[in-house]
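Asks: Produce the complete structure using the sequences and hints provided.
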Amino acid sequence: MKKETTYADIFESRGVNRRDFLKFCSLMSVYLGYASTFVPKFVHAMETKPRIPVIWLHGLECTCCTESFIRSSHPITEDIIFNMISLDYQETLSAAAGHQLEAVRKQIMKEYKGKYILAVEGNAPTKDDGVYCMINGESFTNVLKETAADALAVIAWGSCASFGCVQNAKPNPTGATPVHKIIKNKLLVNVPGCPPIAEVMTGVITHFLTFGKLPELDRLKRPKAFYGTRIHDKCYRRPFFDAGMFVESFDDEAANKGWCLYKMGCKGPTTFNSCSTVKWNGGTSFPIQAGHPCLGCSEPGFWDNGPFYTRLANVSFLGTNSNADKIGMVAVGAAAAGMAAHAVVTAIKKNRQNSETAKIEEG
Amino acid sequence: MAQSLEQQYVWRLPVRVYHWINALCVTSLFITGLYIASPILSPPIGEAVWYHQMAWFRYIHFGTAFVFIANFLFRLYWALFGDDKYGRFAGFKPWSPDWWGQPFKEQLKSYLFIKKEEPNYYGHNPLAALTHFLFVFCGTLFMMFTGLAMYGENNPGGFTDTFFGWVVLIFGSSQSMHTFHHLVAWVFPVYLILHIYAVIRHDIVNRSSVTSSIITGYKHKVEESS
Numbered sequence: 001m002k003k004e005t006t007y008a009d010i011f012e013s014r015g016v017n018r019r020d021f022l023k024f025c026s027l028m029s030v031y032l033g034y035a036s037t038f039v040p041k042f043v044h045a046m047e048t049k050p051r052i053p054v055i056w057l058h059g060l061e062c063t064c065c066t067e068s069f070i071r072s073s074h075p076i077t078e079d080i081i082f083n084m085i086s087l088d089y090q091e092t093l094s095a096a097a098g099h100q101l102e103a104v105r106k107q108i109m110k111e112y113k114g115k116y117i118l119a120v121e122g123n124a125p126t127k128d129d130g131v132y133c134m135i136n137g138e139s140f141t142n143v144l145k146e147t148a149a150d151a152l153a154v155i156a157w158g159s160c161a162s163f164g165c166v167q168n169a170k171p172n173p174t175g176a177t178p179v180h181k182i183i184k185n186k187l188l189v190n191v192p193g194c195p196p197i198a199e200v201m202t203g204v205i206t207h208f209l210t211f212g213k214l215p216e217l218d219r220l221k222r223p224k225a226f227y228g229t230r231i232h233d234k235c236y237r238r239p240f241f242d243a244g245m246f247v248e249s250f251d252d253e254a255a256n257k258g259w260c261l262y263k264m265g266c267k268g269p270t271t272f273n274s275c276s277t278v279k280w281n282g283g284t285s286f287p288i289q290a291g292h293p294c295l296g297c298s299e300p301g302f303w304d305n306g307p308f309y310t311r312l313a314n315v316s317f318l319g320t321n322s323n324a325d326k327i328g329m330v331a332v333g334a335a336a337a338g339m340a341a342h343a344v345v346t347a348i349k350k351n352r353q354n355s356e357t358a359k360i361e362e363g
Numbered sequence: 001m002a003q004s005l006e007q008q009y010v011w012r013l014p015v016r017v018y019h020w021i022n023a024l025c026v027t028s029l030f031i032t033g034l035y036i037a038s039p040i041l042s043p044p045i046g047e048a049v050w051y052h053q054m055a056w057f058r059y060i061h062f063g064t065a066f067v068f069i070a071n072f073l074f075r076l077y078w079a080l081f082g083d084d085k086y087g088r089f090a091g092f093k094p095w096s097p098d099w100w101g102q103p104f105k106e107q108l109k110s111y112l113f114i115k116k117e118e119p120n121y122y123g124h125n126p127l128a129a130l131t132h133f134l135f136v137f138c139g140t141l142f143m144m145f146t147g148l149a150m151y152g153e154n155n156p157g158g159f160t161d162t163f164f165g166w167v168v169l170i171f172g173s174s175q176s177m178h179t180f181h182h183l184v185a186w187v188f189p190v191y192l193i194l195h196i197y198a199v200i201r202h203d204i205v206n207r208s209s210v211t212s213s214i215i216t217g218y219k220h221k222v223e224e225s226s
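So the protein sequences, as listed, match chains A and B.
Numbering-wise (the numbering used here), the first sequence opens with residue 1 and increments by one.
Numbering-wise (the numbering used here), the second sequence opens with residue 1 and increments by one.
Simulated from the structure, these hints should not be mistaken for laboratory data.
Keep in mind that the hints are not guaranteed to be accurate.
[Said to hold, decoys possible] Selected chain A positions facing chain B (Cβ under 10 Å, derived; list incomplete): (1) L220; (2) A243; (3) A335; (4) K350.
[Claimed, not checked] In silico lysine to aspartate or glutamate, DMTMM-like type, Cα no more than 20 Å apart, as pairs: (5) K113/A with E146/A; (6) K350/A with E117/B; (7) K221/A with D161/B; (8) K113/A with E67/A; (9) K115/A with D128/A; (10) K110/A with E146/A; (11) K263/A with D233/A; (12) K349/A with E118/B; (13) K170/A with D128/A; (14) K234/A with D161/B; (15) K349/A with D203/B; (16) K234/A with D83/B; (17) K110/A with D88/A; (18) K224/A with D161/B; (19) K49/A with D9/A; (20) K263/A with E106/B; (21) K257/A with E47/B; (22) K115/B with E356/A; (23) K257/A with D242/A; (24) K186/A with D128/A; (25) K349/A with E106/B; (26) K213/A with E47/A; (27) K350/A with E106/B; (28) K106/A with E138/A; (29) K350/A with E118/B; (30) K115/A with E146/A; (31) K184/A with D218/A; (32) K41/A with D252/A; (33) K349/A with E117/B; (34) K186/A with D218/A; (35) K350/A with D161/B; (36) K181/A with D218/A; (37) K263/A with E248/A; (38) K116/B with E356/A.
As the structure is a prediction and not an experimental result, all values here were calculated from the model.
The beta carbon of each residue, even a glycine, is placed where N, CA and C say it ideally should be.
Replies: Next up, the structure:
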């Protein structure tokens, strides 16, 4: 009987020593929020579980998720992940192309029926029979449905696949639809972000491999381990927020001193992600640390909650773009003007009545 | 020309207490809310730990919000079980076509100066009841639910988040929920203008001492006989 290759075998063949392997297992259990007692479980899973084939589809997207994924910081994470999962179909990274690659996809779907993971990057334009995204002469919507049918689980990479991102921002000309609205009866996890943090992506896969199930999800089907708190709540500039010390413009002294970017439109207070803890590029930095407000890229509809550089979002109001305060002041002004006009009419009416009664009394 | 004065006890103590607590809460919530959305008066350069400006505004906003909610629930109880002729929901039936009938139309016509007569009610007139329902009752419910949902975000999985966190799904994202919370907050100053104007106008036109009635509880009807 042919022994199925486990992760440990792969690490060994790649020359990863046991020490580094254990380091990786500890790191992943920490990222996923497990106690150190869980590390042996990770190690055991890595040593015994066979590789899972992954089909990675690209729909309407910009490939930033792939770019983020291949830059997973931990030196061996990247290597391990690429060996852990057998990434058999990935349009950007696969050496094969065209019919050959499509044949691979079909083969995996047949050979590993109900056992492969479907990772989707990007979403599906549903308008006009999906002509706005075609793969090998087939609409992406159909490819997605066909591939998801026999998948063990679906991972929606990035804001496009999770919520729609820029493609389904108003007015959504192509009818771009996030994956969870098309694939309804499958285990599905949303990993939003534009792109998601590399460690978050690898963390989700590792969790699945280790425990054979998806991590605990929140209401929007995001893994709680990574999307459980707002960026704001773990932001290192939070003390400046609480103190009321805000950057007013990008070149003022407050900006130099690293005060809170709330007034510069930072969406940290409404964005659930782990940028302020895991950070980017191997823990180097994250947008707020670099002095730029958070755009809220992992939140649903973040393109429609702009502008990026003001705190109050624009609301379309009578054909204009206003914010809540402007609309409110117009409403208060209108109410005041209306009441004033009403008062004037009441006064005129009362005067007339008084003079009428006076006339009657005189007469 | 003689004047006879008819006195009627309209607003019982629970209603008056609710009214003033509510007025104070809404004022405080609106002002602190505006600050939270667009903070001003940044403290001078220094250590962040020396100041707690935003923290205080938020603290007052959240604290007042809970008083506001408790007060609203108390008023709801009083409206349902208080057995208070002028302070209950009994007369307000906007789902029934009858309610939109004669009294409502006459009041509307009077406000629009189509009719000369000024109907006089001891309690709320139908239009006042409707305005009150839309602005205060619905407005409060909206602010309560969105507010609690946002408050729960600081502790996902906690009590507030578990029971009110689902509200975010209606708005799609936390940011748009914030936007709508802010937008609907403006309903209260708009209502305040309508409310104050209507009260003063009725006081002058109907001479019903409606302004002082929310302090004393008594309304008066002046009947002039010559």
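Asks: All hints are to be evaluated individually against the structure, with a verdict given for each.
Replies: Checked hints:
Interface restraint check for L220/A: the shortest CB-CB distance to chain B comes to about 8 Å, inside 10 Å, so the restraint holds. At about 4 Å, the closest approach between the beta carbon of A243/A and any beta carbon in chain B falls short of 10 Å, and the interface hint on this residue holds. A distance limit of 10 Å between C-beta atoms decides the matter here; for A335/A the minimum to chain B is near 4 Å, and the interface restraint holds. Given hint, K350/A at the interface with chain B, holds; its Cβ is 7 Å from that chain's nearest Cβ, closer than 10 Å.
The suggested pairing of K113/A with E146/A holds, with an alpha-carbon distance near 12 Å, which does not exceed 20 Å. Proposed proximity of K350/A and E117/B is supported: the alpha carbons are some 11 Å apart, at most 20 Å. With a C-alpha separation of about 15 Å, the suggested pairing of K221/A with D161/B holds against the 20 Å cut-off. Pair hint K113/A plus E67/A does not hold up; C-alpha atoms about 28 Å apart against a cutoff of 20 Å.
Proposed proximity of K115/A and D128/A is contradicted: the alpha carbons are some 33 Å apart, above 20 Å. Note on K110/A and E146/A: the hinted pairing holds, with a Cα-Cα distance of about 12 Å set against a maximum of 20 Å. Distance restraint check for K263/A and D233/A: the Cα-Cα separation of roughly 17 Å lies within the 20 Å cut-off, and the hinted pair is therefore satisfied. Under the criterion of a C-alpha separation no larger than 20 Å, the hint pairing K349/A with E118/B is consistent with the structure, at around 12 Å.
The suggested pairing of K170/A with D128/A holds, with an alpha-carbon distance near 17 Å, which does not exceed 20 Å. A hinted pair counts as satisfied when its Cα atoms are at most 20 Å apart, and K234/A with D161/B qualifies at roughly 18 Å. A hinted pair counts as satisfied when its Cα atoms are at most 20 Å apart, and K349/A with D203/B qualifies at roughly 16 Å. Restraint check for K234/A and D83/B: not satisfied, since their Cα atoms lie roughly 50 Å apart, outside the 20 Å limit.
For the given pair, K110/A sits about 13 Å from D88/A by alpha-carbon distance, which is consistent with the 20 Å threshold. Distance restraint check for K224/A and D161/B: the Cα-Cα separation of roughly 13 Å lies within the 20 Å cut-off, and the hinted pair is therefore satisfied. Proximity of K49/A to D9/A is assessed by CA-CA distance (about 10 Å); at most 20 Å being required, the pair is judged to hold. For a cut-off of 20 Å, the pair hint linking K263/A to E106/B is broken: about 50 Å separates their Cα positions.
Between K257/A and E47/B the alpha-carbon distance is near 10 Å, which keeps this suggested pair within the 20 Å criterion. Between K115/B and E356/A the alpha-carbon distance is near 16 Å, which keeps this suggested pair within the 20 Å criterion. For the suggested pair K257/A and D242/A, the alpha carbons sit about 16 Å apart, so the restraint of at most 20 Å is met. Between K186/A and D128/A, the direct Cα distance comes to roughly 26 Å. Violation of the 20 Å bound is thereby established for this hinted pair.
Restraint check: the Cα-Cα separation between K349/A and E106/B comes to about 17 Å, which is no more than 20 Å; the hinted pair holds. Restraint check for K213/A and E47/A: the C-alpha separation of about 17 Å stays at or below 20 Å, so the hint holds. A distance of roughly 18 Å separates the Cα atoms of K350/A and E106/B; the hinted pair therefore holds under the 20 Å criterion. For the proposed pair K106/A and E138/A, the alpha carbon gap of about 14 Å is at most 20 Å, so the pair holds.
With a C-alpha separation of about 11 Å, the suggested pairing of K350/A with E118/B holds against the 20 Å cut-off. Taken as a hint, the K115/A and E146/A pair is honoured in the structure, with Cα atoms around 15 Å apart against an allowance of 20 Å. Simply put, K184/A and D218/A have alpha-carbon atoms about 16 Å apart, close enough for the 20 Å limit, and the pair holds. A threshold of 20 Å between alpha carbons decides the hint, and for K41/A with D252/A the separation of about 51 Å lies outside it, so the pair is violated.
Restraint check: the Cα-Cα separation between K349/A and E117/B comes to about 11 Å, which is no more than 20 Å; the hinted pair holds. Straight-line distance between C-alpha atoms of K186/A and D218/A comes to about 16 Å, which keeps the hinted pair within the 20 Å bound. Between K350/A and D161/B the alpha-carbon distance is near 55 Å, which puts this suggested pair outside the 20 Å criterion. In summary, the hint linking K181/A to D218/A is supported, as the alpha carbons are separated by about 17 Å, within the 20 Å threshold.
Between K263/A and E248/A the CA atoms are separated by roughly 6 Å; this keeps the pair inside 20 Å, and the hint holds. Between the alpha carbons of K116/B and E356/A the distance comes to roughly 13 Å, so the proposed pair stays at or under 20 Å and holds.
Checked against the numbered hints given earlier, this structure breaks hints 8, 9, 16, 20, 24, 32 and 35; the rest are met.
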